[in-house]
Amino acid sequence: MYEFLHYQVRDAMTADPIAISPKTKLHEVEALFEFHDFNGVPVIDDQWRLHGILTKFDLLKAFSFDTHALVPHYHEIMEQTAETIMTHDPVSVEPQLPLSRLLQKLVEMRTKSLPVVENGRLVGIIAREDVLKALRRAAIEHQTPGHQELQP
Amino acid sequence: MTTLFYTHSACLEHDTGFGHPECPARLAAILNVLKTAPFAALEWRDAPEATDEQLTRIHTPAYVEHIFARIPKRGHYAIDGDTIVSTRSGEAALRSAGAVCAAVEAILKGEANNAFCAIRPPGHHAEPHQAMGFCLFSNAAIGAAHARAVGDLDRVAVIDFDVHHGNGTQAALEQDPGYLYISTHQAYIYPGTGHREERGVGNVVNIPLMANSGSADLHRVWQQEIEPALREFQPQLILVSAGFDAHYLDPLAELNFNEEDYQWLTQQILTVAKDCCEGRVVSLLEGGYNLPALAASVAAHVNALMEAPRTVQRSLIKDILERQKAKRNA
Numbered sequence: 001m002y003e004f005l006h007y008q009v010r011d012a013m014t015a016d017p018i019a020i021s022p023k024t025k026l027h028e029v030e031a032l033f034e035f036h037d038f039n040g041v042p043v044i045d046d047q048w049r050l051h052g053i054l055t056k057f058d059l060l061k062a063f064s065f066d067t068h069a070l071v072p073h074y075h076e077i078m079e080q081t082a083e084t085i086m087t088h089d090p091v092s093v094e095p096q097l098p099l100s101r102l103l104q105k106l107v108e109m110r111t112k113s114l115p116v117v118e119n120g121r122l123v124g125i126i127a128r129e130d131v132l133k134a135l136r137r138a139a140i141e142h143q144t145p146g147h148q149e150l151q152p
Numbered sequence: 001m002t003t004l005f006y007t008h009s010a011c012l013e014h015d016t017g018f019g020h021p022e023c024p025a026r027l028a029a030i031l032n033v034l035k036t037a038p039f040a041a042l043e044w045r046d047a048p049e050a051t052d053e054q055l056t057r058i059h060t061p062a063y064v065e066h067i068f069a070r071i072p073k074r075g076h077y078a079i080d081g082d083t084i085v086s087t088r089s090g091e092a093a094l095r096s097a098g099a100v101c102a103a104v105e106a107i108l109k110g111e112a113n114n115a116f117c118a119i120r121p122p123g124h125h126a127e128p129h130q131a132m133g134f135c136l137f138s139n140a141a142i143g144a145a146h147a148r149a150v151g152d153l154d155r156v157a158v159i160d161f162d163v164h165h166g167n168g169t170q171a172a173l174e175q176d177p178g179y180l181y182i183s184t185h186q187a188y189i190y191p192g193t194g195h196r197e198e199r200g201v202g203n204v205v206n207i208p209l210m211a212n213s214g215s216a217d218l219h220r221v222w223q224q225e226i227e228p229a230l231r232e233f234q235p236q237l238i239l240v241s242a243g244f245d246a247h248y249l250d251p252l253a254e255l256n257f258n259e260e261d262y263q264w265l266t267q268q269i270l271t272v273a274k275d276c277c278e279g280r281v282v283s284l285l286e287g288g289y290n291l292p293a294l295a296a297s298v299a300a301h302v303n304a305l306m307e308a309p310r311t312v313q314r315s316l317i318k319d320i321l322e323r324q325k326a327k328r329n330a
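Just so you know, the protein sequences line up as chains A and B, in that order. Under the working numbering, think of the first position of the first sequence as 1, with each following residue one higher. Under the working numbering, think of the first position of the second sequence as 1, with each following residue one higher.
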């Protein structure tokens, strides 16, 4: 388990992740979610600067009751662009953040994943699954011999 | 203006087992940076072993005996899940407590203004009757008691800026108004003590900080709490339990101090020391588990103790972090 303390976000993240532009239509985002096993997707410009993050939760929220319509209209909503419903200026982390600290952040925020930003550019995304995998790797592949066996 | 530097090779040989965060490489990283040119004026001294008399001002003779009975002839022995000892740990623990006592004596004799002890095992979790949290002997409390005894001092302050609460130091000092113990630490992490309500006999100031607190919070609590408490107490000597695990890159906690904060805090402590006790400060290493961050932070701290120009320091710290980055990318 001590091995885990040496890991940084960069060691466990998905580098160069799939990302969308602020102008991507929601039906395209929905298709992305359909075919990929992720919960949210970062929203970037052509300079890879992070503008927001769009999650399945944001999509659901677009269909919740509001004052504009008695019944939400599927096609109308799906024609909207990512920037209209994404979370703007999301919390991001740097690649050199210790993974132990990232774990704390995920727990405190109850979030599923966080974008990784270096020098203002999106470089990765890190999710719960990545941290679980790293924990397993640290605990099992780097198992330390039991200390209790040796008596003074 | 001399700064003394105490350490010992035995502290490098205190082996805590594969992968343990409180590892010999921590001290090696510190020694590497303090051997560079900007620190040439440091006066290096070998740490002596603490005497029974020094240890038993804080711990009982039975406890000291108990610790030495736990040192294995080979391999490792776990006092608890994290507090591991091996063949050389006994001498390392003696040299660590001894370093602080020797530094205290030298400073009280006026041989130098201040001192830094690069020692391990650390001490601030070790209670009078219980080793825990990587710690065997309560180095800071032993040093403070030594100062009271040999220097005939009435008031000794201990400032503990390690990210964890120094439950051991507090337990040793909290009943005696001749000591003031001030601790900043992250709330709700190990060892779970250090609440504001714990005030000893009015001589304990606990300042828990929430996760993600940083420079601005440090400046605030210094101005509002630490400095007023120190000045009111008028210490005749200040000991510093210098843990550097509140650094933003440390893997064991979630405070966000940086090297400049440590430099700044050290300067503030020195200013109070100058006003109260002719600048007498003895600092000793506690935690800090990201090696480059630890080396850079100790460099900043010791640099402030030596009062070397700031510009040298900045370039040096940048250099350490960049070399580390280059190594990673290679």
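None of these hints come from the bench; they were simulated from the model. Do not rely on the hints blindly, as some may be mistaken.
Said to hold, decoys possible - From chain B, some residues computed to sit far from chain A (all C-beta separations above 12 Å):
#, residue
1, HIS20
2, GLU22
3, ILE189
4, GLU198
5, ASP217
6, GLN236
7, TRP264
8, ASN290
Unchecked claim - Between beta-carbon pairs, the in silico distance windows are:
#, chain 1, residue 1, chain 2, residue 2, range
9, B, ASN212, A, LYS61, 25 to 35 Å
10, B, ARG199, A, VAL107, 40 to 50 Å
11, A, LYS133, B, GLU43, 43 to 53 Å
12, A, GLY120, B, GLU260, 42 to 52 Å
13, A, MET109, B, THR2, 27 to 37 Å
14, A, LYS61, B, TYR188, 30 to 40 Å
15, A, PRO72, B, TYR188, 55 to 65 Å
16, B, GLN224, A, GLU141, 22 to 32 Å
17, A, GLU141, B, VAL201, 28 to 38 Å
From a predicted model like this one, the values you see are computed outputs, not experimental measurements. Glycine is no exception: its CB is placed at the ideal position from the N, C-alpha and C atoms.
Supplied distance hint 43 to 53 Å, evaluated on CB atoms of A:LYS133 and B:GLU43: 50 Å, holds
Least C-beta distance between B:ASP217 and chain A, which was stated to exceed 12 Å: At about 17 Å from chain A, B:ASP217 clears the 12 Å cut-off, so the statement holds.
Outcome of range test on Cβ distance (A:PRO72, B:TYR188; 55 to 65 Å): Violated - the Cβ-Cβ distance for A:PRO72 and B:TYR188, about 42 Å, lies outside 55 to 65 Å.
Pairwise beta carbon distance, B:ARG199 to A:VAL107, judged against the given window 40 to 50 Å: Violated, at about 32 Å.
B:TRP264 remote from chain A - nearest C-beta pair above 12 Å: Since the minimum Cβ distance to chain A is about 23 Å, B:TRP264 lies beyond 12 Å and the statement holds.
C-beta pair A:LYS61, B:TYR188: status relative to the range 30 to 40 Å that was hinted: About 32 Å separates the Cβ atoms of A:LYS61 and B:TYR188, which means 30 to 40 Å holds.
Chain A versus B:ASN290 - minimum CB to CB distance exceeding 12 Å, so not interface: 7 Å, violated
Cβ separation check - B:GLN236 to all of chain A, threshold 12 Å: 39 Å, holds
Minimum Cβ distance from B:ILE189 to chain A greater than 12 Å, as the annotation requires: Given that some Cβ of chain A is not farther than 12 Å from that of B:ILE189, nearest at about 10 Å, it is violated.
Hint check for A:GLU141 and B:GLN224 - Cβ pair distance inside 22 to 32 Å: Distance hint for B:GLN224, A:GLU141 is violated at roughly 48 Å.
Beta-carbon spacing of A:GLU141 to B:VAL201 - inside the hinted bounds 28 to 38 Å or not: The hint (28 to 38 Å, Cβ to Cβ) is violated, given that A:GLU141 and B:VAL201 are roughly 51 Å apart.
B:THR2 and A:MET109 - C-beta distance against the hinted 27 to 37 Å: 49 Å, violated
The structure is inconsistent with the numbered hints 1, 2, 3, 8, 10, 12, 13, 15, 16 and 17, although it conforms to all the rest.
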